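Asks: Chain D is fixed; fit chain V onto it per the hints.
Here's the letter readout for the chains.
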Amino acid sequence: MKIIVCIKQIGHVYARTGMEPSERFLTPEDKIYMVNPCDEVALEMGLRLKESLGEGEVTLLTLGPIIAESELRRCLGMGADRLVQIETDQGLDPWRKSFFLARAIKEIGASLILCGKESLDRQSGQVGAYVAHRLGLPFVSAVVSATMNPGTGTVEAERRAGRGVRELIGCSLPAVLSVDMGLEVRLPKFEDKQRALSAPVEKRVYPEEGDPARTLVRAIFPPRPRPKNVFTPDSRLDAFERIQQLLMGSRVEKKGNMFTGSVDSQVDGIVSFLKEHGFAGKGKE
Amino acid sequence: MLTSFDVLLIAAAILILGIGLARRSSLWLVGQEEMRTGSLSALAAYLLGSGKILKRPLQGSAHVFVFWGVVLPALIVLVSQFRPRLPETLSNLLSLFLDLLGLAMLCALVFMLVRRWTKSEEAGPKRTAVPALTLLGIVVTGFLAEGTRLSILGAGFSWQSPVGSVFSSVLPASPLLMQVMIRLHFFAVLFLIASLPFTFLRHLVAGSLNVYYKSRNPHGQLRSLSLESDYPGAKRVNDFSWKQLLDAEACVSCGRCEENCPAAISGKPLSPRKVVRSIQEQMQAMNGTVTKPGLPLLNQRISDDELWSCTTCMACVEHCPVFVEPLDKIMDMRRYRVMGEGALPAEAKATIRSLLLYKDVYGKGIAHRTDWAFNRGVPLLSEEVEVLLWVGCSGAFHPRYQETARAMVKILKAGGVRFGILGKEELCCGDPARRLGEESLFLEIAQENIRRIKERGFEKILTLCPHCFNTLKNEYPSLGGSFPVVHAAEYIADMIRLNKIALKYSLPAKMALHDPCYLGRGNGIYKPLWFIANAFPGVTFFELPWNRECGFCWGGGGGRMWLHEKLGMRMNLLRAEEVVKSGAEVLGTACPYCLTMLEDGIKNLETGKPAKVMDLVEIVASSIR
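Protein chains in written order, with the working numbering: chain D, 1 to 285; chain V, 1 to 625.
Bound-form chain D, shown alone (with noise of 0.2 Å):
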């Protein structure tokens, strides 16, 4: 039995720390590579399906650039078998990558393809069903347990059909299934860890030939600031930078002077701020 696991490598964006609008208030430290959490969870489930089977051979196929080596090590170290990337660096349109990933299975061969219901940054879920139409499979989205049956060629999915129903859906193989977060991934041994370190990468390249993409990208931006990272703009900037803040939605707080501890120790406080930016005199001490 041989599983094929697509595997999406993303640069995460967390944080939005920055200060400058023309890096979109980006800095290098909000970003962090690593592999998309649903496709992780479907090499889980590949994993788990040749476990109970006791054999098979379980693919990774990522597309583009290495940018989360590491991870995708790990990803080795969990038990996959081998990691085969597609070069190309081109960004590309859901429609072409199923193009590069529907060949790639192909060549290499499986009775099972497995993918993420969605990635992390793009959220477009599309890739798994337009790799299935080319391929002419059956597609089960949003699958949460699957169980094989080896005899019959046919696989039993549980998938999540919205508002905590769940769906029982009997697919047969060859097909794919796009799998949904629930399963708990496990840890990497560590003499499987050591031994992904120095596994090959398998590349291939493919004529950027096929066809041309069905959709564009015309822009990415947030819609508006975030605002559960607006703080009180700083009263002592004027009004036009104020508002120049709210709109970055840059953090910005008010640096301020919160006097605690004992009653003597707060009312001292009070009475030197108040000395010190002239609202009181010296006084007769």
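Keep in mind the hints are simulated off the structure, nothing from the lab.
Remember, it's a predicted structure, so these values are computed and weren't measured experimentally.
One or more of the hints may lead you astray.
Stated by the list, open to error - Computed from the model, here is a short list of chain V residues facing chain D with C-beta under 7 Å:
id	residue
1	Gly342
2	Gly365
3	Ser440
4	Tyr505
For each residue, glycine too, the CB sits at the ideal point set by N, CA and C.
Replies: Chain V in isolation, oriented as in the chain D frame:
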């Protein structure tokens, strides 16, 4: 005096002793190699000072009397073979001393036997009664022989041997009886010598060896692990080092570890004594053969629940009278379970994942690491400074502990200290990964940290969290990063002592202290905390019942901060009850985990006026304006 037959018997007894000890030592010599240097002076000091055994006064003094009751007469008998000439008064005094020592030993032995008779198997195991009975036989026959001798002499009461005189008053003046008693005494001694390796008394040898080879590192320093072997950590009993197995051999199951273990007290399945005992049993079952196939796995006897109940608070290590370290065995087994089999509790996987991706335990990410310091004028470390403030994950991310980090900045500024933080360059110190058994991740993070710290110029590193402190101070040097590290409590105590800061505002409250494990037991830092607590004007300072070495862990260490507490009672509630009962109004501590667990515990009890839990750093900051 001695016939040649006697000499033969003595030789036979010593031969049996030698063979027995050699066979016992083959049990623990199968362990892995480990470099250890012994210290005779430490052993001598330990034996003369009776070590930690007197921490339990009653049983401890009984043990001391029996120990010296065996050692001193044996020495005197040995010396008397050379017939030294002593002045009469001295020999009389010696006789009186030995007589009284014999009486004390007799009482001690009776006390021990009564304990074994009346207490449960756990408190006084029945198998240990055999050597005690033998010793009792030796003492009683000795007194009977002495009594008959005095009775034959007919001297009446003599002050040199009061006990012997009492015996003589009821004994007949029969030379035959005296001879019989002397022979019985002699045979009992021979039996004791020959049976020593086969009874519980072998702790005389194993315990002394263990003290001789005891670790001289701080308790907080974890054994480093070789990642070169087939699998990391301890899977089978022979994966332990010889010293770790000697530990198991030296254990007499006295139970002091269990009495002080927060996991055992709160009703969790872990008992350090049982862990060491299981290792000892497996060691005996293995019988010194390494190559035997199908060796049982350690986790057949020691369950995961036991391993993950440990908070690595080091109470067991601190309280063991013969320096057995159950903690490093528990950690080695954890390491195998995690790195060898990937069997980490599910809830901790998220923590490991956060550490891997975001390099902090809270999963907030490097980008948010300086949020706590935003607009508060905290200098980033650029040029050479006095102090590198190591904020730690808790100081940087935990909303409650961020206040402490800001308080520390306030104190440093008030004291005019030139300091800086690493800011976004700082990663987690790696302690949670290491304590959760993920040694490879720890190494990765620690080496990166060391590389970054080395690029900077500073005089010392100041840490807020005792766990960071312990890792930076004790565990980084073996990875090539030796830095001078101080904990905030030490540093602030010094600042107060040198009058760099003055505690201006009083703290009119009843205050108690909680000693964090990784400062106190781990690194022996108790005094600075006391000093700071007593330095506040107007404070009424008092001690909690569980203090200092007995400080009770709240259940946050050893990665337990990121695990569910499903078994037994909750440790922090147990401790919170103690605090509430004591009537403390303010409870000072110096550890982010303690602070979190304490606050939760005390709030959970829902008492009318809950004690206020504060880090000492915060209290000092509020007292200096």
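Asks: For every hint, state whether the structure bears it out.
Replies: Hints and how they fare:
1. Gly342: Since chain D brings a Cβ to about 4 Å from Gly342(V), closer than 7 Å, the hint holds.
2. Gly365: The hint holds - Gly365(V) has a Cβ within 7 Å of chain D, the shortest such distance being about 5 Å.
3. Ser440: Hint on Ser440(V): holds, closest Cβ of chain D at ~6 Å, below 7 Å.
4. Tyr505: Holds, about 4 Å.
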